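Q: If you read the protein sequences in the order shown, they are chains A and B.
Each residue of the first sequence is one higher than the one before, counting from 1 in the numbering used here.
Each residue of the second sequence is one higher than the one before, counting from 1001 in the numbering used here.
These aren't lab readings, by the way, just hints derived from the structure by calculation.
Hints are not guaranteed to be accurate.
So the derived list for chain B, only partly shown, Cβ under 8 Å to chain A, looks like this [as the list claims (entries may be wrong)]: (1) V1044; (2) L1067; (3) A1068; (4) S1071; (5) G1072; (6) V1142; (7) T1144.
Please read these numbers as outputs of a predicted model, since none were measured by experiment.
Cβ atoms here follow ideal geometry from the backbone N, Cα and C, with glycine treated the same way.
There are 2 protein chains.
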Amino acid sequence: MPSRPEADDPLLGDLSEGQILRAILSRTAPATHTILGPGDDAAVIAAPSGSVVATTDTLVHGPDFRLAWTSGYDLGWKAAAVNLADIAAMGARPTALLVALAIPRDLRLSFVERLADGFREACAALAPGCSVVGGDLTVSDVLTVAVTALGDLEDRRAVTRSGARPGDSIAVAGEMGLAAHGLAVLFGRFREDDRPVPVDVSKLAAGESAAVAAQLRPSPPIGLGPMAAVAGATAMMDISDGLALDAGRMADASDVTFALDGSALGNNPERALAGGEDHALLATFPDGVLAPGFRIIGRVQERGEAGVLRDGRVVDVAGWDPYRDWDSAVG
Amino acid sequence: MPSRPEADDPLLGDLSEGQILRAILSRTAPATHTILGPGDDAAVIAAPSGSVVATTDTLVHGPDFRLAWTSGYDLGWKAAAVNLADIAAMGARPTALLVALAIPRDLRLSFVERLADGFREACAALAPGCSVVGGDLTVSDVLTVAVTALGDLEDRRAVTRSGARPGDSIAVAGEMGLAAHGLAVLFGRFREDDRPVPVDVSKLAAGESAAVAAQLRPSPPIGLGPMAAVAGATAMMDISDGLALDAGRMADASDVTFALDGSALGNNPERALAGGEDHALLATFPDGVLAPGFRIIGRVQERGEAGVLRDGRVVDVAGWDPYRDWDSAVG
Chain A
1 MPSRPEADDP LLGDLSEGQI LRAILSRTAP ATHTILGPGD DAAVIAAPSG
51 SVVATTDTLV HGPDFRLAWT SGYDLGWKAA AVNLADIAAM GARPTALLVA
101 LAIPRDLRLS FVERLADGFR EACAALAPGC SVVGGDLTVS DVLTVAVTAL
151 GDLEDRRAVT RSGARPGDSI AVAGEMGLAA HGLAVLFGRF REDDRPVPVD
201 VSKLAAGESA AVAAQLRPSP PIGLGPMAAV AGATAMMDIS DGLALDAGRM
251 ADASDVTFAL DGSALGNNPE RALAGGEDHA LLATFPDGVL APGFRIIGRV
301 QERGEAGVLR DGRVVDVAGW DPYRDWDSAV G
Chain B
1001 MPSRPEADDP LLGDLSEGQI LRAILSRTAP ATHTILGPGD DAAVIAAPSG
1051 SVVATTDTLV HGPDFRLAWT SGYDLGWKAA AVNLADIAAM GARPTALLVA
1101 LAIPRDLRLS FVERLADGFR EACAALAPGC SVVGGDLTVS DVLTVAVTAL
1151 GDLEDRRAVT RSGARPGDSI AVAGEMGLAA HGLAVLFGRF REDDRPVPVD
1201 VSKLAAGESA AVAAQLRPSP PIGLGPMAAV AGATAMMDIS DGLALDAGRM
1251 ADASDVTFAL DGSALGNNPE RALAGGEDHA LLATFPDGVL APGFRIIGRV
1301 QERGEAGVLR DGRVVDVAGW DPYRDWDSAV G
């Protein structure tokens, strides 16, 4: 996309809140489930099964993304995708997003327009029928995108983390470790003096390009969440912090042990275990049952000392914690 | 509330995300409408009428509040109240809040605990049955509280801004201008060298004390929103940016003119017209109909040149715009 001349692309500080909101809303038309879209005090969204699934997740400039690496479009896409994955992980179908933006005044209108494009296109690609139904805009020195996603269970029960039973198979749909590979490429190759610099795609090998794309614009298999629920998944969650940590959470919630098969974790099992941000779906199924798009990576056992085993050995990998691991001075 | 010794009150930077979340969630127990509360990928909330009303509103340190004036408790209360008001303004009953916190590491645990207390007690006082069902926590240099509120229409139609008809009476429930008075007291009396300093309540006259409380812990009449809908309100919204601006928005949406009676606007009509943040409910009712708690302040006319008249004269008051009116250098 060619960049627009600055004369046609005002700074947000030179516009009113209303002008900025109109630019966003003209790009995010309400979809299937919207009964009343943006413009009033609140939106109204269909909840045909008599309940609504709701989750919220925030991306903050610094710990969660860098503008040197992430475009407005990528940011909108990722903020949508990570929230859609949490809805899918309950076995629900996403119906609506609410987007709260806190944006510095020195960004340009085109950034916000592309952000809206990213939200719209992520919904269209990952969760057709879902759309941005409302939002809020305020000024802040730190660019912050807080998204709430809503979903409908279509008369199914929610698939929680606590239903895994000994004998169930453990299965995954989606990438594991690819987004972490992408982050390693960004940190390793696109920084100068410890500061992020724009990505030069001509310097990327094909595999690196896919990894960077997975980090910046993840594509979790949203539609497979409801299919897993229909197939009879006993537990499900999305892998946001790496398989080891998230499988451990599910094992603890279900009071079982997850015995993983290292040979089923791809070319780089370490990265699959440690690497977050792919938002793959981790689910357990009764023996002999498997939903489309899922692959078996292990089996649930009676609870032992450890929550997660790999080929019989204890796995202990700490995930990423923003309070412990993010240092704004280092970046 | 006596402040806790620092030894018992760790900095957030010395805790993990999980520890902080547990401290919050232990103080915000799920209520009536919660089918599945915090702890999984998403919450599940009852939506008995087959739709859900949803809104989001964010408070950012600087433009929206100052920690010198606002305690954690006040911040939680206000973040809840402003979102509950948007649900009530649709004629819906609030069922759930999702709270996305972006918090600097140099705040203490007690701040977050009191924030959670404020959310809980605002729900209990203003919208019984509603509670915090989920949230997200991340680190940021700018304290940011993004809240999404959900509500149920109880089989009624949503009351939008666009339904006011000529001949309807215009009515208000709640305070108008009190929160703005409070803000004026804070800016006028509790700053030194252009920076906010803590409020010394002993320096406040009784009226000032109520005004400051209305600014820091607004109490919109949430329960009256559903009652207005039941009574037959033709249009409704909450007054967040002052009566003049918000009545103008409703008049524009309904393509009518709002003729306000200056004598019905209280002791300080200018402040009622210009002052925001009370989150009073503005509604129109068919002639002869009025919901409990509402007082008539004017009558809807066929659309004329202006959207809002006061005693026959055009009212033109600009509201507050964070992009135009907030300057972090001035504060």
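Q: All hints are to be evaluated individually against the structure, with a verdict given for each.
A: Do the hints match the structure? See the list:
A hinted interface residue such as B:V1044 counts as satisfied when its beta carbon comes closer than 8 Å to some beta carbon of chain A; here the least separation is about 5 Å, so the hint holds. With a least beta-carbon distance of about 15 Å to chain A, the hint placing B:L1067 at the interface is violated under the 8 Å criterion. Among the interface hints, the one on B:A1068 is violated; its C-beta lies about 18 Å from the nearest C-beta in chain A, farther than the 8 Å criterion. Among the interface hints, the one on B:S1071 is violated; its C-beta lies about 21 Å from the nearest C-beta in chain A, farther than the 8 Å criterion.
The restraint placing B:G1072 at the interface with chain A is violated, with a minimum CB-CB distance near 17 Å, outside the 8 Å limit. Here the hint on B:V1142 is kept, as its CB sits about 4 Å from the closest CB of chain A, short of 8 Å. Interface restraint check for B:T1144: the shortest CB-CB distance to chain A comes to about 5 Å, inside 8 Å, so the restraint holds.
The earlier numbered hints that this structure contradicts are 2, 3, 4, 5.
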